[in-house]
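Peer 1: Sequence:
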Amino acid sequence: MNLTVVPYNSFTDLISVLPESTRNACETNNDRFLYLNDYLKQIGCKTIIIETKYVDKNFLDDYSEYYSRCFQDIQKKCARIHLFSSEFSLSDLKNYILEKIDGSTPDLLCNNYLGFIVLRPLPNAPLAKVCISTYPQTNEKNRYFPTLKTYRVHLLGQELTIKSLAFQEQDRALSACATSALWSSFHGSSLLDVDKVSAPSRITENAKKIIPQYQLNHPHRGLTPAQMASSVREDGLDPLLCNFINTSYLKALMRAYLSVGVTPVLGMSLHYADESGFLENGISKAVPIGNHAVAVTGYHISTTLPIPSFKTDDIPTILNKTYQRDIYLKSSAIDKIYVHDDEIGPFAKMEFLNEYWQHIKTRWYMYRNTVEEINATVKDILLPKPHKIRISFNTVFSIIREFNSLYMKSWYDRGCRIVWDIYLTTVNDFKKEISLRDKVYFNSEMHKIDILTLNLPRYLWRVDGYMINGSDNNNLNSINFTLLFDATDIENSDIFICGIHYDLLSRIDIFLSVLNPLSELNAQKISKFSQSLRIAKEYSDLLAQKIIY
Numbered sequence: 023m024n025l026t027v028v029p030y031n032s033f034t035d036l037i038s039v040l041p042e043s044t045r046n047a048c049e050t051n052n053d054r055f056l057y058l059n060d061y062l063k064q065i066g067c068k069t070i071i072i073e074t075k076y077v078d079k080n081f082l083d084d085y086s087e088y089y090s091r092c093f094q095d096i097q098k099k100c101a102r103i104h105l106f107s108s109e110f111s112l113s114d115l116k117n118y119i120l121e122k123i124d125g126s127t128p129d130l131l132c133n134n135y136l137g138f139i140v141l142r143p144l145p146n147a148p149l150a151k152v153c154i155s156t157y158p159q160t161n162e163k164n165r166y167f168p169t170l171k172t173y174r175v176h177l178l179g180q181e182l183t184i185k186s187l188a189f190q191e192q193d194r195a196l197s198a199c200a201t202s203a204l205w206s207s208f209h210g211s212s213l214l215d216v217d218k219v220s221a222p223s224r225i226t227e228n229a230k231k232i233i234p235q236y237q238l239n240h241p242h243r244g245l246t247p248a249q250m251a252s253s254v255r256e257d258g259l260d261p262l263l264c265n266f267i268n269t270s271y272l273k274a275l276m277r278a279y280l281s282v283g284v285t286p287v288l289g290m291s292l293h294y295a296d297e298s299g300f301l302e303n304g305i306s307k308a309v310p311i312g313n314h315a316v317a318v319t320g321y322h323i324s325t326t327l328p329i330p331s332f333k334t335d336d337i338p339t340i341l342n343k344t345y346q347r348d349i350y351l352k353s354s355a356i357d358k359i360y361v362h363d364d365e366i367g368p369f370a371k372m373e374f375l376n377e378y379w380q381h382i383k384t385r386w387y388m389y390r391n392t393v394e395e396i397n398a399t400v401k402d403i404l405l406p407k408p409h410k411i412r413i414s415f416n417t418v419f420s421i422i423r424e425f426n427s428l429y430m431k432s433w434y435d436r437g438c439r440i441v442w443d444i445y446l447t448t449v450n451d452f453k454k455e456i457s458l459r460d461k462v463y464f465n466s467e468m469h470k471i472d473i474l475t476l477n478l479p480r481y482l483w484r485v486d487g488y489m490i491n492g493s494d495n496n497n498l499n500s501i502n503f504t505l506l507f508d509a510t511d512i513e514n515s516d517i518f519i520c521g522i523h524y525d526l527l528s529r530i531d532i533f534l535s536v537l538n539p540l541s542e543l544n545a546q547k548i549s550k551f552s553q554s555l556r557i558a559k560e561y562s563d564l565l566a567q568k569i570i571y
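All residue numbers for the sequence shown refer to the numbering used here, where the first residue is 23 and numbers rise by one.
There may be inaccurate statements among the hints.
Said to hold, decoys possible - List of simulated lysine-lysine pairs, PhoX-like, C-alpha gap at most 25 angstroms: (1) Lys371 / Lys383; (2) Lys410 / Lys218; (3) Lys461 / Lys171; (4) Lys230 / Lys218; (5) Lys185 / Lys171; (6) Lys231 / Lys68; (7) Lys307 / Lys230; (8) Lys231 / Lys79; (9) Lys453 / Lys171; (10) Lys358 / Lys383; (11) Lys410 / Lys63; (12) Lys307 / Lys383; (13) Lys410 / Lys171; (14) Lys371 / Lys185; (15) Lys371 / Lys358; (16) Lys79 / Lys230; (17) Lys185 / Lys470.
What the hints assert, rightly or not - Pairwise CB distance ranges, derived in the manner of DEER restraints: (18) Asp348 / Ser32: 22 to 32 angstroms; (19) Leu178 / Pro479: 40 to 50 angstroms; (20) Glu394 / Ile96: 27 to 37 angstroms; (21) Arg91 / Ser32: 29 to 39 angstroms; (22) Ile305 / Lys453: 50 to 60 angstroms; (23) Gly258 / Arg174: 14 to 24 angstroms; (24) Asp217 / Lys410: 21 to 31 angstroms; (25) Leu213 / Ile96: 32 to 42 angstroms.
In case anyone wonders, no lab produced these hints; they're calculated from the structure. Don't be surprised by glycine CBs; every beta carbon is placed ideally from N, CA and C.
Work the whole structure out from these sequences, hints included.
Peer 2: This is the structure:
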């Protein structure tokens, strides 16, 4: 029998029952195992089932590409570990299989499944495909993992499913951290089938197509941003390398694209939190440790900290400085992100340290033989997006920033402020969300039907507005209005589609009362193509006709 059933206590105990080739590869991988040991306890793992002769598709591709021609005898079969939140023995499992004739038998496997871990027989890099449950929401609310996929697993004739995002560590022969981050990012894409994502060796090979001549034959030591973009393009996605000026803008970018299944890859430099002094080898601790790449899988929004203002002085504007006003973004309340970091493990936490400099606190020091805290500074963000998304975040943000600057004073004078949430969505997801809304959000039955019958493009930039008082983020539960933009159009086109209000009988009067584009400044000071004026004019016209959505 190629199955072993044991209670889960620790990864050390787990390794002791693995096949010899896999066990030998695991003995030197303490950092990742220490993290996984803590993580599995948090998600409530009680029992594991070990498949001792498992063939993993991705490792088989890498094996045929490279390891089969090595002089050392490297085995091609892996071990797959299934995780369960209930306690049962091998005897219980046998009885379950023999007695499962119809649906009357209590389910032992499906309802308690927490995912799987594939261990490959590679020294120092045994973690192959890992798909495990995210942190339980009961511990800490307001966690969001928009790019999770459903992975289907077959065990003993049963189909088990787990919502997760695949992770694996770099093997240091065919892939670097950037390759592992890209591999996870491709799994998160809404366009790619998880069963057809390229193996790490193929991702690195695609990067090799633009490899500089000074590099080695195989870029396994690391990838440049251009090489990463090449791999994204070869896998059928459109690479978008974005610039950002501060942490608020970085958070906004991640929030905006994650919502539609685009998994960002962050390029960062690592450094010691305490830069004073020297290491044992004499190198100053002020010198950066090196570069690293991770895939962003989710984020946490704080409801206890006030949302910081986005300083509009940081970015160019067509408005006169007199009319610039700070803008508040819901994404600025993100206080931590969750990343697939191949040096730690899946869904590792990273906490933001500063709102205006993109410094992040890592968890590296918690699972290494050092007390030195290691932080990261984000340098690049790569977004592997669908080709149909042609309008960038910056285009929509610029419109909303200008619109906000024109009318924020009027909103303040009426005792409220607007917090904006800018993100991508699809027409199907948008209309599904509208269809599930309670009728109290709409002015009439026809109001809801009119929205559901709008002719909209496949991808939309959705801008939700929250009218709130004070700084309490818990007020961000009820959307007051939505502005829709065409994400599939071209940059110099008129991309604004329409505005939708969900509480026509209450606070819409506050919103509409400030929409006089000539009240604060001469319209000639603004570009005649200004889409913020177009939005204001459309609202004024719709108000006169009483046909606001």
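Peer 1: Look at each hint and say if it fits the structure.
Peer 2: Results of checking the hints against the structure:
1. Lys371 / Lys383: It holds: about 9 angstroms lies between the C-alpha atoms, which stays within 25 angstroms.
2. Lys410 / Lys218: holds, 21 angstroms
3. Lys461 / Lys171: With Cα atoms ~31 angstroms apart, Lys461 and Lys171 exceed 25 angstroms; violated.
4. Lys230 / Lys218: holds, 20 angstroms
5. Lys185 / Lys171: holds, 5 angstroms
6. Lys231 / Lys68: It is violated: about 46 angstroms lies between the C-alpha atoms, which goes past 25 angstroms.
7. Lys307 / Lys230: Distance of about 33 angstroms is beyond 25 angstroms: violated.
8. Lys231 / Lys79: Status holds; Cα separation ~24 angstroms.
9. Lys453 / Lys171: Judged against 25 angstroms, a Cα distance of about 21 angstroms means the pair holds.
10. Lys358 / Lys383: holds, 9 angstroms
11. Lys410 / Lys63: violated, 42 angstroms
12. Lys307 / Lys383: holds, 16 angstroms
13. Lys410 / Lys171: Distance of about 21 angstroms is within 25 angstroms: holds.
14. Lys371 / Lys185: Holds. Lys371 to Lys185 sits at ~19 angstroms (cutoff 25 angstroms).
15. Lys371 / Lys358: holds, 7 angstroms
16. Lys79 / Lys230: holds, 22 angstroms
17. Lys185 / Lys470: violated, 32 angstroms
18. Asp348 / Ser32: 22 to 32 angstroms: Violated, at about 50 angstroms.
19. Leu178 / Pro479: 40 to 50 angstroms: holds, 46 angstroms
20. Glu394 / Ile96: 27 to 37 angstroms: holds, 34 angstroms
21. Arg91 / Ser32: 29 to 39 angstroms: holds, 36 angstroms
22. Ile305 / Lys453: 50 to 60 angstroms: The hint (50 to 60 angstroms, Cβ to Cβ) holds, given that Ile305 and Lys453 are roughly 57 angstroms apart.
23. Gly258 / Arg174: 14 to 24 angstroms: Hint holds: Cβ distance 22 angstroms, inside 14 to 24 angstroms.
24. Asp217 / Lys410: 21 to 31 angstroms: Hint holds: Cβ distance 23 angstroms, inside 21 to 31 angstroms.
25. Leu213 / Ile96: 32 to 42 angstroms: holds, 34 angstroms
When each numbered hint is compared with the structure, violations occur for hints 3, 6, 7, 11, 17, 18.
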